[in-house]
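Colleague: Please model the complete structure; the sequences and the hints are all you need to start from.
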Amino acid sequence: KQEVTQIPAALSVPEGENLVLNCSFTDSAIYNLQWFRQDPGKGLTSLLLIQSSQREQTSGRLNASLDKSSGRSTLYIAASQPGDSATYLCAVGTNAGGTSYGKLTFGQGTILTVHP
Amino acid sequence: KAGVTQTPRYLIKTRGQQVTLSCSPISGHRSVSWYQQTPGQGLQFLFEYFSETQRNKGNFPGRFSGRQFSNSRSEMNVSTLELGDSALYLCASSMTGHEQYFGPGTRLTVT
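If you read the protein sequences in the order shown, they are chains A and B.
Heads up: the first sequence begins at 183 in my numbering, then just goes up one per residue.
Heads up: the second sequence begins at 1387 in my numbering, then just goes up one per residue.
Note that these hints are calculated values from the structure, not bench results.
It is possible that part of the hints are untrue.
Stated by the list, open to error - Mimicking EDC-like on lysine to aspartate or glutamate, the simulated pairs with C-alpha atoms at most 20 Å apart in a straight line are:
id: 1; chain 1: A; residue 1: 250; chain 2: B; residue 2: 1485
id: 2; chain 1: B; residue 1: 1443; chain 2: A; residue 2: 209
id: 3; chain 1: A; residue 1: 224; chain 2: B; residue 2: 1485
id: 4; chain 1: B; residue 1: 1443; chain 2: A; residue 2: 185
id: 5; chain 1: A; residue 1: 250; chain 2: A; residue 2: 185
id: 6; chain 1: A; residue 1: 183; chain 2: A; residue 2: 209
id: 7; chain 1: A; residue 1: 250; chain 2: A; residue 2: 209
id: 8; chain 1: A; residue 1: 250; chain 2: A; residue 2: 266
id: 9; chain 1: B; residue 1: 1399; chain 2: B; residue 2: 1485
id: 10; chain 1: B; residue 1: 1399; chain 2: B; residue 2: 1461
Modeller: Here is the structure:
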């Protein structure tokens, strides 16, 4: 059974800092890994998707890496801003015969607060 | 391109009643997945539909069911509601194996 853990559970940083969020998973047979952000009471916004054959993806100030063999992914946020304050969720699509059948297993999330 | 839409956005029901939630995926997406989010359990997978067939199911009781129509729109139904069913219900659509896009969710409160 796939289990996903995110560390730290909460993080508070001053504006402008670079930061790293960590995600680990127990079953390396993944199909893909996706990072999301969630604002309070809202749905999930997709940030980055990494396919199992990829090592990293970048979008603006965000960079996500994937090390399947060690069961780890990191989300790097450069030059953080107050608008980055949200809960960040890591989700793993487990490989089931060549597809994930839509099932994502989520971590509990990291609550990020960026203060001015 | 319109995003994933869910209706209704908020719902209050009484224990023992049943409820139906609706999800319209992004145009062209044939896969629709449903998730339950609670403060205690986080986000948990309910089921996934593709081309009107349930392909995968999470560990939820039979009171939770769903279906998908030929236009890929999906509904989920919860019968005999319990207090513990209070949650944010999220649906996501995707092209198989690709990035999942989530809707804004339906906030269900059971009293």
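Colleague: Return the numbers of the hints above that this structure violates; sort them in rising order.
Modeller: 8, 9
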